[in-house]
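Going line by line, the protein sequences match chains V and D. To convert a position in the first sequence, counted from 1, into our numbering, add 682. To convert a position in the second sequence, counted from 1, into our numbering, add 2.
Read the hints as simulated data drawn from the structure, not as lab findings. Incorrect hints may have been included.
Calculated cross-link-like contacts (lysine-lysine; reagent style DSS-like; alpha-carbon spacing at most 30 Å) [said to hold, decoys possible]:
(1) D:K157 - V:K877
(2) V:K803 - V:K843
(3) D:K210 - V:K864
(4) V:K929 - D:K197
(5) D:K104 - V:K886
(6) V:K886 - D:K157
(7) V:K885 - D:K215
(8) V:K877 - D:K73
(9) V:K929 - D:K215
(10) V:K687 - D:K123
(11) D:K157 - D:K197
(12) V:K877 - D:K123
Nothing here was measured: the structure is a model prediction, and the numbers come from that model.
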Amino acid sequence: MSSYKNMISALLTKNMRYDGRSLVDYRQIKIEPNPIPHANGSARVQIGKTDVLVGVKFDVDTPFPDTPDEGILITNAELCPIASPDFEPGPPGPEAVELARVVDRGIRESGCIDFSSLCIKPKEKVWVIFIDIYPINDDGNLFDAAALGAVAALSLARFPKYDESTETVQFKEITNQKLKLKDFPILTTFAKLDKYLFVDYDKKEEQAMDARLSIATLSNGLYTAMQKGGDGTFSREEVLNLIDLAKIKGEELRSILKKEIGKGG
Amino acid sequence: MTKAGAPAHLIVNGKRLDGRLPEQMRDVEVKVGVIPLADGSCMLKLGETQVIAAVYGPREVVPKHMALQDKAYLECVYDMAAFSTTDRARPGPSRRSVEISKIMRDALAPAIFLEKYPRTKIDVYVEVINACAGTRTAAINAAAVALADAGIEMKDLVTAIACGKADGKIVLDLNEAEDNYGEADMPIALMPRTKQITLLQMDGQLTKEEINKMLELAFSACEQIYAKQSAALKEKYIVEEAEEEV
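Here chain V stands alone, though its shape is the one from the complex (with noise of 0.2 Å):
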């Protein structure tokens, strides 16, 4: 348990953070585009001490047999132990499917990427995009920070020359081709201690707080993901209330990454 709870605890009574925060402010929110010339597309997202490297990468393979004519999008997280004492190496434990899957989700979900326009040959060839996610300092909230990270990596990402006749990626050939998103999917998530809620937990809250709620919205208001965690629970009112503040919060974040983004293009 941590040592900070007690303290956390108090202060939400009075609507206070331990830092000094807002219930519903953020911190600092930096996004470098393209920090990695190797990856097709990257991005490193800092949220206050929390930070995230995300990397796009290209390929072509065979689609699955039920969409044949759709590209292929495979989210992965790395939680390497360079990033915190809490993790050990080795293969993605549940901690790191979790963190994955939901990132994907909200991607896949909100239609942002077409994925027909991905398809080379029906049922031969396909685009085969992996975003890659590695952590490498975690101060809470990596959800947010990899998501923001992810969508950052695909809107920068450009594609590796096809070659038509010998059917394979030079993939030392970069074309100026880029990945249209049609909107920018944004995740937030939430904390739950006692009964008050707050945005953007970092890692001394990560540890004190019940539970946590990731919600992805659209820029149209629809909303595309969802995420329940931890030992704690949620009223039907507080989800409601949730919902509306993920709107709120996923406009501020979203004209962040379009303003970050519009730097590097």
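Go by the hints and put chain D onto chain V.
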């Protein structure tokens, strides 16, 4: 997205492909104590979806250093039998089953007095033996009953159901076609007595009003499931009492 093999419509003349009305749940069947060796067990059918849950514990934590000093260590494992799906499922954990095991644990933990069993482990195993949509909710429903059957002290049972959207309509308890080709899927679990939500997932595209409507539908469906769960538990223990008296 149009998938190969998708039916033209999911709702025809106001009825779903399996003949149900949009807000109609499949039949639920609950049987308690199906595995004599387990401390608690339950077999649950939700239409053609069938799951078996077994609870072992509270028991010694292995390895020992995993033990928690202030509460029980709860572990859930959701697994699909190879023959449970249309195409054979490869045995062993998948990324999907790893995530479901985790969210199942998070859905059940709020209902258990874990603090009553420090330094022990409670294992909840669920095997899906026939998968026809709604397996995670069936698994949670069965696991909650198995925990109660094991005599583990609980604040409440946990009851789960999925709501979704198919052909623009809100539907309760998705069938396989709606799960594969529908517009949204939202599994919910709650503690029926306090109405506290212990699991909430969603994928698709929904408005706030639709989410609210789905929560309302799920809340009332959970009461029906709760009735079946408690009836099954009572049946087992009342029968045993009667036998003792004879």
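The hints, checked one at a time:
A hinted pair counts as satisfied when its Cα atoms are at most 30 Å apart, and D:K157 with V:K877 qualifies at roughly 18 Å. Straight-line distance between C-alpha atoms of V:K803 and V:K843 comes to about 15 Å, which keeps the hinted pair within the 30 Å bound. Taken as a hint, the D:K210 and V:K864 pair is honoured in the structure, with Cα atoms around 21 Å apart against an allowance of 30 Å. At most 30 Å may separate the alpha-carbon atoms for a hinted pair to count; V:K929 and D:K197 meet this at roughly 25 Å.
The straight-line distance between the Cα atoms of D:K104 and V:K886 is roughly 22 Å, inside the 30 Å bound, and the hint therefore holds. Taking the CA atoms of V:K886 and D:K157, the gap is near 28 Å; set against the 30 Å cutoff, the hint holds. As the CA atoms of V:K885 and D:K215 are separated by approximately 35 Å, the hinted pair breaks the 30 Å bound. Only pairs whose Cα atoms come within 30 Å are accepted, and V:K877 paired with D:K73 is accepted, the gap being roughly 22 Å.
Restraint check for V:K929 and D:K215: the C-alpha separation of about 18 Å stays at or below 30 Å, so the hint holds. Taken as a hint, the V:K687 and D:K123 pair is honoured in the structure, with Cα atoms around 25 Å apart against an allowance of 30 Å. A distance of roughly 12 Å separates the Cα atoms of D:K157 and D:K197; the hinted pair therefore holds under the 30 Å criterion. With a CA separation close to 28 Å, the supplied pair V:K877 and D:K123 stays within the 30 Å bound.
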